[in-house]
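Sequences listed follow chains R and Y, in order. The first sequence begins at 1 in my numbering and counts up one residue at a time. The second sequence begins at 1 in my numbering and counts up one residue at a time.
These are computed hints drawn from the structure, not numbers from a lab. Keep in mind that the hints are not guaranteed to be accurate.
Said to hold, decoys possible - Straight line, CA to CA, 35 Å or less: simulated DSBU-like cross-link-like pairs of lysine-lysine:
(1) 275/Y - 59/Y
(2) 299/R - 350/R
(3) 467/R - 410/R
(4) 7/Y - 410/R
(5) 59/Y - 44/R
(6) 410/R - 350/R
(7) 410/R - 59/Y
(8) 350/R - 467/R
(9) 410/R - 299/R
Stated by the list, open to error - Selected chain R positions facing chain Y (in silico; Cβ < 10 Å):
(10) 53
(11) 55
(12) 134
(13) 209
(14) 241
(15) 245
(16) 266
(17) 271
(18) 273
(19) 276
(20) 407
(21) 409
(22) 410
To be verified - The calculated label-pair distances, taken between Cβ atoms and stated as ranges, are:
(23) 130/Y - 374/R: 43 to 51 Å
(24) 116/R - 76/Y: 48 to 56 Å
(25) 177/Y - 435/R: 43 to 51 Å
(26) 29/Y - 122/R: 45 to 53 Å
(27) 409/R - 59/Y: 53 to 61 Å
Ideal Cβ placement from N, Cα and C applies to all residues, glycine included.
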Amino acid sequence: MSRILTAIALGSAAALALTACSGGSAADPSATGDASTAAGRAPKLTIGAVVDVATWKAADADWGNTATYYMAVYDTLLRTAADGTVEPGLAEEWTYNEEMTELTLELRDDVTFTDGTELTADLAAQNLVRFRDGASPNTSNLSAMTDATAVDEDTLLITLEQPDPALLTYLSQNSGLVAAASTFDAADAQTNPVGSGPYVLDTAASTIGSSYTFTAREDYWDADIQHYDALTINYYADASALLNALRDNQVDIANLNSVTQIPDAEAAGYTINQAPVNWKGLIIADRNGQVNEALADVKVRQAINYAVDREGLLQGLEAGYGEVTTQIFGPSTEAFVPELEGAYPYDPEKAKALLAEAGYPDGVTIVMPQTGFVPPSEPELIAGVLAESGINIEYEQAGESFIGDLLGGKWAMFSFGLNQEPMAWMTYQLAVSPGAAWNVYHQPDETVAALSDRMRLGGDDADAAAKELNEYIVEQAWFAPFYRVLGVIVTNDATTVTMKDGQAVSNLWDIVPA
Amino acid sequence: MLTFIAKRLLAGLGLVAALSVLTFFLLQLGASDTARHIAGQTATEEAVAQVEARLGLDKPVLEQFATWAGNALHGDLGLSWFNGQPVTEAVFSRISVTVSLAVGSVLLTAVIGIALGALAATRRGGLDRTVQVMAVLGQAIPGFLMALFLVIVFAINLDWFPATGYTKFADSPTAWLQSIALPIIALTIGSIGGVAQQVRGSMIDVLGRDYVRTLRSRGLPARRIVYRHVLRNAAGPALSVLGLQFVILLGGAVIVEQLFSIPGLGPLALTSTSKGDLPIVLGIVIVTAIIVTVVNTLVDVAQAWVNPKVRLS
Chain R
1 MSRILTAIAL GSAAALALTA CSGGSAADPS ATGDASTAAG RAPKLTIGAV
51 VDVATWKAAD ADWGNTATYY MAVYDTLLRT AADGTVEPGL AEEWTYNEEM
101 TELTLELRDD VTFTDGTELT ADLAAQNLVR FRDGASPNTS NLSAMTDATA
151 VDEDTLLITL EQPDPALLTY LSQNSGLVAA ASTFDAADAQ TNPVGSGPYV
201 LDTAASTIGS SYTFTAREDY WDADIQHYDA LTINYYADAS ALLNALRDNQ
251 VDIANLNSVT QIPDAEAAGY TINQAPVNWK GLIIADRNGQ VNEALADVKV
301 RQAINYAVDR EGLLQGLEAG YGEVTTQIFG PSTEAFVPEL EGAYPYDPEK
351 AKALLAEAGY PDGVTIVMPQ TGFVPPSEPE LIAGVLAESG INIEYEQAGE
401 SFIGDLLGGK WAMFSFGLNQ EPMAWMTYQL AVSPGAAWNV YHQPDETVAA
451 LSDRMRLGGD DADAAAKELN EYIVEQAWFA PFYRVLGVIV TNDATTVTMK
501 DGQAVSNLWD IVPA
Chain Y
1 MLTFIAKRLL AGLGLVAALS VLTFFLLQLG ASDTARHIAG QTATEEAVAQ
51 VEARLGLDKP VLEQFATWAG NALHGDLGLS WFNGQPVTEA VFSRISVTVS
101 LAVGSVLLTA VIGIALGALA ATRRGGLDRT VQVMAVLGQA IPGFLMALFL
151 VIVFAINLDW FPATGYTKFA DSPTAWLQSI ALPIIALTIG SIGGVAQQVR
201 GSMIDVLGRD YVRTLRSRGL PARRIVYRHV LRNAAGPALS VLGLQFVILL
251 GGAVIVEQLF SIPGLGPLAL TSTSKGDLPI VLGIVIVTAI IVTVVNTLVD
301 VAQAWVNPKV RLS
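Model the full assembly from the supplied sequences, consistent with the hints where possible.
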């Protein structure tokens with residue numbers, strides 16, 4: 001027996017030794033956000049994230065849910081306020097030429113990176129070119145940029161093939177991130193960011209894929225946006241883990257995986273902050289009838305819109321959290337038309353009549369993909385709703401290459417969610433223009449082309465053109481949106497946040513001690 | 001003894017090689033969209049092709065495997081396809097966390113399981129039946145359910161432990177113990193029953209043998225008979241079960257670590273497998289296979305140590 005006990009004791013010692021040697025993270029499990037301050041800042045902010053940062057390389061950076069990570073360590077050429085207003089960032093001033101094909105930016109001269117090097121216009125230009133040619137999912141943001149060059153030490157010139165009304169906004173997102181030159185060819189560029197941002201990543205205290213710790217830079221050029229001495233971003237891969245962290249008050253602020261978590265977060269004492277960030281619905285992609293002939297007829301597409309019970313789907317899929325809509329353009333954009341929200345009331349009889357007029361009195365059959373990304377009840381509910389109007393959905397199991405197949409035009413119509421961008425032009429670029437990824441068959445349209453030419457030049461006429469574009473797309477039923485999905489950020493009593501239009505996460509500097 | 005250990009380690013190398021081949025080709029079956037995942041949903045075909053070329057995915061599968069295996073034999077397990085982190089760094093920064101949970105759980109299992117098994121075997125009656133019912137219940141309750149129950153009761157309601165997260169021992173031994181306590185208990189509850197029942201069965205068997213009756217007839221105290229003679233002879237099967245439990249617990253830790261948001265191998269294995277991050281998955285498989293081999297070898301050696309009558313062959 002004594003030998004068994006000895007063995008257990010040795011095992012205990014081994015376990016302790018193993019842990020002592022651990023290089024793992026120190027995801028601090030204790031509650032944070034206490035109100036005491038040091039050097040004018042609160043001591044610590046703990047953020048719960050539902051998406052991990054895939055790479056720290058600025059040229060390959062994603063945005064959306066991962067924006068918080070990048071805003072901690074990098075600066076952008078410009079910034080956008082919570083209401084979408086473009087503000088100075090690394091660039092203090094900016095001007096367009098008359099044709100809006102040249103953008104000149106005057107950069108600050110007091111910016112240093114964490115490796116000690118200084119910001120120059122040439123470095124910013126290199127970053128822009130690297131982003132355009134990099135592996136970010138948003139490289140198309142800079143597709144209109146023909147070149148970026150340094151006019152002098154602090155003056156950056158961006159040349160465009162044609163005007164891009166969203167460029168300033170893009171420069172306030174991942175397209176405008178500026179990294180130090182030392183990271184360009186560094187072997188650890190993806191795991192060790194070198195930026196000029198308000199915080200620096202403590203790689204020793206962080207574990208990739210789990211927890212990231214940052215400390216405030218003492219010599220940062222814009223100390224007003226540094227509200228905390230330290231940040232920790234804990235990534236919760238599991239929805240239950242995030243809920244438990246909230247129930248135990250382990251995070252000060254967090255995005256929720258789903259609106260269905262709202263009651264639990266409220267019960268745990270968190271404040272619910274919400275804003276529409278996506279729209280969800282059907283992308284009626286095959287408007288030329290290449291895969292499904294019926295969809296070439298606008299009456300069939302309109303019938304699909306009349307067949308959608310938006311209120312029912314919102315209740316069934318999102319427990320009522322969200323806003324029903326018929327538009328892919330967000331309420332804060334210049335394209336939004338409130339009256340259009342009533343364009344397609346739920347009317348199965350009208351849907352059937354339109355199908356009959358289009359030559360399909362017995363209804364139509366459409367093949368759509370089914371994936372494991374959503375619970376099986378979702379496609380069942382959608383198919384059930386459409387079937388009441390004679391629109392029969394046959395589901396085909398999507399494989400590993402789901403997204404590639406979607407973008408490759410495998411399915412004529414599919415259920416999906418897309419960003420509700422803060423600018424009409426950005427939505428146009430995402431889902432409407434012939435080159436847009438989500439104009440899956442890249443179908444051109446003369447009316448859209450004429451309207452986009454007007455939108456491109458900006459001004460009042462551009463706003464009017466955006467509205468006309470929206471009305472045209474709704475009337476032509478390119479999509480059948482169900483509802484706007486709410487992005488939800490919860491905050492504890494020690495923290496407040498200002499939500500940002502069209503972005504899943506707020507600006508980091510808009511998270512402040514209460 | 002040394003020959004035996006060498007043979008076991010050699011067999012372990014074969015196991016590592018076989019698992020590597022199996023893992024590589026199994027993941028190839030479902031890796032059709034990895035380059036697109038890396039390049040981004042809306043990346044152009046050219047960008048996707050660039051990623052394929054950079055990672056060597058445009059080469060024949062056998063050539064890809066030969067390249068990986070050649071590098072692995074030189075100690076280079078490569079970089080994560082998704083974030084560029086060296087595989088050895090990714091795996092070794094997390095392995096100690098997972099092994100700590102597994103070792104802690106095995107130790108707790110050993111202490112409680114052996115004690116319960118010994119009590120059930122020697123006392124029998126109502127206590128025996130109670131232990132058996134508890135053992136079955138413990139095995140029947142899924143680990144994740146137990147983890148959620150523990151979190152709600154002991155972390156959220158009683159606030160004795162943190163609900164999620166991990167603190168390094170070096171940062172705070174107390175906080176470290178608090179952070180791993182619930183995960184270890186969640187892992188342990190399901191495995192106690194197996195060990196307790198094994199110990200109980202073995203001890204009942206040994207207690208009925210002639211030499212035990214002889215010892216009793218010589219007037220030796222019952223406690224001494226149980227602890228010095230019966231338990232030692234019954235320890236062999238229990239050690240085997242414990243070794244097996246360690247391997248099972250390594251697998252069980254995947255779910256428990258995810259639920260407790262602990263940065264061990266579990267979440268890394270889950271995310272890497274779902275994304276198709278082949279180098280990371282292979283690294284995890286290799287290291288896990290090595291651990292399993294070493295543990296099995298240690299169990300065999302320990303059996304001989306605890307009971308010298310066992311002959312290694």
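To see whether the hints hold, each was checked on the structure:
1. 275/Y - 59/Y: holds, 20 Å
2. 299/R - 350/R: Holds - the C-alpha atoms of residue 350/R and residue 299/R are around 10 Å apart, at most 35 Å.
3. 467/R - 410/R: Cα-Cα ~31 Å, so holds.
4. 7/Y - 410/R: violated, 54 Å
5. 59/Y - 44/R: violated, 48 Å
6. 410/R - 350/R: holds, 29 Å
7. 410/R - 59/Y: With a Cα-Cα distance of about 26 Å, the restraint between residue 410/R and residue 59/Y holds, given a limit of 35 Å.
8. 350/R - 467/R: holds, 26 Å
9. 410/R - 299/R: holds, 23 Å
10. 53: holds, 8 Å
11. 55: Residue 55/R check passes; min Cβ-Cβ to chain Y is 6 Å, inside 10 Å.
12. 134: holds, 9 Å
13. 209: holds, 6 Å
14. 241: OK, holds: residue 241/R within 10 Å of chain Y, min 4 Å.
15. 245: holds, 5 Å
16. 266: violated, 15 Å
17. 271: Nearest chain Y Cβ about 19 Å off; hint violated.
18. 273: Hint violated; residue 273/R Cβ to chain Y Cβ min 22 Å, cut 10 Å.
19. 276: violated, 21 Å
20. 407: Since the shortest Cβ distance to chain Y is 7 Å, the answer is holds.
21. 409: violated, 13 Å
22. 410: With a minimum Cβ separation of about 13 Å from chain Y (threshold 10 Å), the hint on residue 410/R is violated.
23. 130/Y - 374/R: 43 to 51 Å: Between residue 130/Y and residue 374/R, where Cβ atoms are some 46 Å apart, the hint holds.
24. 116/R - 76/Y: 48 to 56 Å: violated, 32 Å
25. 177/Y - 435/R: 43 to 51 Å: Cβ of residue 177/Y to Cβ of residue 435/R: about 57 Å, so the range 43 to 51 Å is violated.
26. 29/Y - 122/R: 45 to 53 Å: 47 Å Cβ-Cβ, so the 45 to 53 Å window holds.
27. 409/R - 59/Y: 53 to 61 Å: Since the Cβ atoms of residue 409/R and residue 59/Y sit about 28 Å apart, the hinted range of 53 to 61 Å is violated.
Checked against the numbered hints given earlier, this structure breaks hints 4, 5, 16, 17, 18, 19, 21, 22, 24, 25, 27; the rest are met.
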